[in-house]
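Engineer: Top line first, the protein sequences correspond to chains A and B. Residue numbers 1405 to 1517, in the working numbering, belong to the letters of the first sequence in order. Residue numbers -12 to 100, in the working numbering, belong to the letters of the second sequence in order.
Any given hint might turn out to be false.
As the list claims (entries may be wrong) - Dumping the calculated SDA-like pairs for lysine to any residue here, alpha-carbon to alpha-carbon at most 20 Å:
#, chain 1, residue 1, chain 2, residue 2
1, A, K1509, B, D25
2, A, K1509, B, G27
3, A, K1509, B, G29
4, A, K1482, A, I1466
5, A, K1509, B, V47
6, A, K1509, A, Y1476
7, A, K1462, A, S1422
Since the hints were derived computationally from the structure, they do not count as laboratory data.
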Amino acid sequence: ILNVEQSPQSLHVQEGDSTNFTCSFPSSNFYALHWYRWETAKSPEALFVMTLNGDEKKKGRISATLNTKEGYSYLYIKGSQPEDSATYLCAWGSGGGADGLTFGKGTHLIIQP
Amino acid sequence: NAGVTQTPKFQVLKTGQSMTLQCAQDMNHEYMSWYRQDPGMGLRLIHYSVGAGITDQGEVPNGYNVSRSTTEDFPLRLLSAAPSQTSVYFCASSYLSMGYEQYFGPGTRLTVT
Chain A
1405 ILNVEQSPQS
1415 LHVQEGDSTN
1425 FTCSFPSSNF
1435 YALHWYRWET
1445 AKSPEALFVM
1455 TLNGDEKKKG
1465 RISATLNTKE
1475 GYSYLYIKGS
1485 QPEDSATYLC
1495 AWGSGGGADG
1505 LTFGKGTHLI
1515 IQP
Chain B
-12 NAGVTQTPKF
-2 QVLKTGQSMT
8 LQCAQDMNHE
18 YMSWYRQDPG
28 MGLRLIHYSV
38 GAGITDQGEV
48 PNGYNVSRST
58 TEDFPLRLLS
68 AAPSQTSVYF
78 CASSYLSMGY
88 EQYFGPGTRL
98 TVT
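Isolated chain A, as found in the complex (with noise of 0.2 Å):
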């Protein structure tokens, strides 16, 4: 089993700060990139799916990026408000698209007001 590695595991922001997070994944049969917004007591919410080299995304104030060459991506908060506090997940596709995803452990944020 290829590893989905993410840092940091927790993160401890002030409200209106902006701040990021990495997501480390095997480059090579990469198919895609997913992330999700995981609050306690709820199941993970899709934030974005991202599947070319050089992919950039956004949704409101939250943007990832993808560097499927190097195996890594990163997700930025910009702004961060109470509601942004939750876990985030990264899932790393490969093979043709018929596989399963593997998930990462999660980055754990809590925004400070």
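Dock chain B against chain A, hints included.
Structural biologist: For chain B alone, coordinates are given in the frame of chain A:
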């Protein structure tokens, strides 16, 4: 649309008992998958299906069976429950493959004593 539904929400089993976790989706998604979530381990793929009649094993398939007789339903069967199968189980679906965002069900919390 109800999205992805899972039943039951909670279940307690004795070691050796069998049971089926139900998962259904009403979005006409081809791709469905089952994950388990354990503390410190992240989401791990148990089994997945790319369409009716087609299933495959994920990272942790031992002790579980699946079938996909219809597009809508993807039940997960525990053959002989063991304490190591105590976990939260999530079902997810996506349009065609893992190149599309996954929609997660609310989860089933299973305890095996």
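Engineer: Okay, which hints does this one fail, numbers in order?
Structural biologist: none
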